[in-house]
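If you read the protein sequences in the order shown, they are chains A and B.
So the first sequence is numbered by the working numbering: it starts at 120 and just counts up by one.
So the second sequence is numbered by the working numbering: it starts at 120 and just counts up by one.
A few of these clues could be false.
Pairs count within a copy or across copies, as identical chains cannot be separated in the list.
As the list claims (entries may be wrong) - Here are the simulated DSBU-like cross-link-like pairs (lysine-lysine), alpha carbons at most 35 Å apart as the crow flies: (1) Lys374 to Lys219; (2) Lys226 to Lys335; (3) Lys407 to Lys228; (4) Lys383 to Lys226; (5) Lys374 to Lys228; (6) Lys344 to Lys407; (7) Lys244 to Lys426; (8) Lys179 to Lys344; (9) Lys335 to Lys219; (10) Lys335 to Lys353; (11) Lys344 to Lys426; (12) Lys325 to Lys228; (13) Lys183 to Lys374; (14) Lys344 to Lys183; (15) Lys325 to Lys244.
In short, the hints are calculated from the structure, not lab data.
There are 2 protein chains.
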Amino acid sequence: MTNSITNLFNIQYPIVQGGMIWVSGWKLASAVSNAGGLGLIGAGSMYPEVLREHIQKCKKATAKPFGVNVPMLYPQIEEIMNIIVEEEVRIVFTSAGNPKTWTSFLKDKGITVVHVVSSVTFAQKAEAAGVNAIVCEGFEAGGHNGREETTTFTLIPMIKQNVSIPVIAAGGIANGRGMLAAMVLGADGVQIGSRFAATVESSAHKNFKQVIIDLKDGDTQLTLKELAPVRLVKNHFYHQIQELYQQNPTIEQIKELLGRARAKKGMFEGDLDNGELEIGQIAGIINKIKPASQVLKDIVEEYNTVKSSL
Amino acid sequence: MTNSITNLFNIQYPIVQGGMIWVSGWKLASAVSNAGGLGLIGAGSMYPEVLREHIQKCKKATAKPFGVNVPMLYPQIEEIMNIIVEEEVRIVFTSAGNPKTWTSFLKDKGITVVHVVSSVTFAQKAEAAGVNAIVCEGFEAGGHNGREETTTFTLIPMIKQNVSIPVIAAGGIANGRGMLAAMVLGADGVQIGSRFAATVESSAHKNFKQVIIDLKDGDTQLTLKELAPVRLVKNHFYHQIQELYQQNPTIEQIKELLGRARAKKGMFEGDLDNGELEIGQIAGIINKIKPASQVLKDIVEEYNTVKSSL
Numbered sequence: 120m121t122n123s124i125t126n127l128f129n130i131q132y133p134i135v136q137g138g139m140i141w142v143s144g145w146k147l148a149s150a151v152s153n154a155g156g157l158g159l160i161g162a163g164s165m166y167p168e169v170l171r172e173h174i175q176k177c178k179k180a181t182a183k184p185f186g187v188n189v190p191m192l193y194p195q196i197e198e199i200m201n202i203i204v205e206e207e208v209r210i211v212f213t214s215a216g217n218p219k220t221w222t223s224f225l226k227d228k229g230i231t232v233v234h235v236v237s238s239v240t241f242a243q244k245a246e247a248a249g250v251n252a253i254v255c256e257g258f259e260a261g262g263h264n265g266r267e268e269t270t271t272f273t274l275i276p277m278i279k280q281n282v283s284i285p286v287i288a289a290g291g292i293a294n295g296r297g298m299l300a301a302m303v304l305g306a307d308g309v310q311i312g313s314r315f316a317a318t319v320e321s322s323a324h325k326n327f328k329q330v331i332i333d334l335k336d337g338d339t340q341l342t343l344k345e346l347a348p349v350r351l352v353k354n355h356f357y358h359q360i361q362e363l364y365q366q367n368p369t370i371e372q373i374k375e376l377l378g379r380a381r382a383k384k385g386m387f388e389g390d391l392d393n394g395e396l397e398i399g400q401i402a403g404i405i406n407k408i409k410p411a412s413q414v415l416k417d418i419v420e421e422y423n424t425v426k427s428s429l
Numbered sequence: 120m121t122n123s124i125t126n127l128f129n130i131q132y133p134i135v136q137g138g139m140i141w142v143s144g145w146k147l148a149s150a151v152s153n154a155g156g157l158g159l160i161g162a163g164s165m166y167p168e169v170l171r172e173h174i175q176k177c178k179k180a181t182a183k184p185f186g187v188n189v190p191m192l193y194p195q196i197e198e199i200m201n202i203i204v205e206e207e208v209r210i211v212f213t214s215a216g217n218p219k220t221w222t223s224f225l226k227d228k229g230i231t232v233v234h235v236v237s238s239v240t241f242a243q244k245a246e247a248a249g250v251n252a253i254v255c256e257g258f259e260a261g262g263h264n265g266r267e268e269t270t271t272f273t274l275i276p277m278i279k280q281n282v283s284i285p286v287i288a289a290g291g292i293a294n295g296r297g298m299l300a301a302m303v304l305g306a307d308g309v310q311i312g313s314r315f316a317a318t319v320e321s322s323a324h325k326n327f328k329q330v331i332i333d334l335k336d337g338d339t340q341l342t343l344k345e346l347a348p349v350r351l352v353k354n355h356f357y358h359q360i361q362e363l364y365q366q367n368p369t370i371e372q373i374k375e376l377l378g379r380a381r382a383k384k385g386m387f388e389g390d391l392d393n394g395e396l397e398i399g400q401i402a403g404i405i406n407k408i409k410p411a412s413q414v415l416k417d418i419v420e421e422y423n424t425v426k427s428s429l
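Construct all of the structure, not just a fragment, from the sequences and the given hints.
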């Protein structure tokens, strides 16, 4: 499976574990890296010193390459970036912001930089900013998402036509068939989120893991488009948002309902009614909590089996 | 390429041309069938006697199997179904309605019936109603679409897990890579719309064909969700809809803006500002008007080339 992505990160399989808030700590990231993929610590839900602790524990738990995902809207972004440099993290995935802002800073320190995009325009901007690769994330992905609502199936070929750097497909991929389909569409690697959220090593609350196992098609929806579009499970909180929309609310009213710490409440504390539960459409085919290493093994096996059968 | 779909329809390639309103008349359907795919006449935009004429002309233009697509919300549906039987059409694709209503009637006449679905539940209902196969159509498809907003990439495996009849994937497929990816995800065949809308034999107005060629990612959006969700080009009419939404309109106000014959105006008469232009996200990779036979040939060639290269 050697290709531009395995070479870029010096890993065995071109499989990246998405750096999800409240789900991807050092346990999950190191388990994925130890199994031959690229594990990512999700910095978006961590205070700076918590991130430092996760990085240090991850370094102890694996000798393999791992990375950190940083949403660039993070308030203490400078502190986060300095910790990443101080702790000698070698790979950073940036998302939700302008790739120009931090790419040079990180690359000057010898750090490999990948930026997450949801459109051709942002892919071209990321390439121009000098990133080493891009994640192109489709509409079906969980959590925050692009305004254009372009799906993985159409986004991969459109981006592939328009950039020269390696492309990692994300959104809707949870097994070997999905990985192979993404590669057929032109991807050089895949980033997998939801499937890794339902692993033993994921920091997701057990209630949330059970939700992922139970979800069917149509059980998630992209909402809160006036703030930042996000794909959520249609739970009580989601329905509260929809009821508010019936009343033609102001942005302030929406923000007030959203409040604070909804994502933590749902995904980390397991409040399935009042929490924000971010997961992708592909949860509909996930039906078992497994160790992360088993997830990787199953994906690679199915990928090879289906490929040989064509 | 012999499989359950080529056997079901007695065709050379498991490629169906979508029966699009205002676009798929006898010229396009017969051209696709003559080239080894399955051409479909789109009855949704035809008066009953116009449909009869198209069927008769199609029979003269090809000795190969072809079919008719019938949206079941069509007001004169009984007249349409009787014409289909009288003219001895052998294949019918039904959409937008309950598959129970007409499947037995058609199957009793020896007609092969396929139903278009956008969710696992509807797929199971169609199977229970006795259809011979289903089209599973993702969120990225042009025109009318499911409320669940499930994408092709995730819909195919979820439906494949839950039905035993053959599955035809639709939405986002316009070339050989797309076809192969759909088959890898579990599809037995593909239905292709947008790519065939931009062919020489398509009845789309030349202005609309040029729009398809020019479109980029993010240029279409699913809208009119209160009535029936439909993916449209973001033209002047689309923006009028969005402006109306800012005013918290009633369903009646939305219906009044929509008015009548918007689809004909846009797609058939070429009024790009005031017409409704239905096309899929994958239009972003379509950059040339070609004969339908060339489209099929290119898809099959790319499919085989990519497959061999894996």
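Problem set entry | Earlier hints that do not hold, by number | Of the numbered hints given earlier, those the structure breaks are 3, 5, 8, 11, 12, 13 and 14, listed in rising order.
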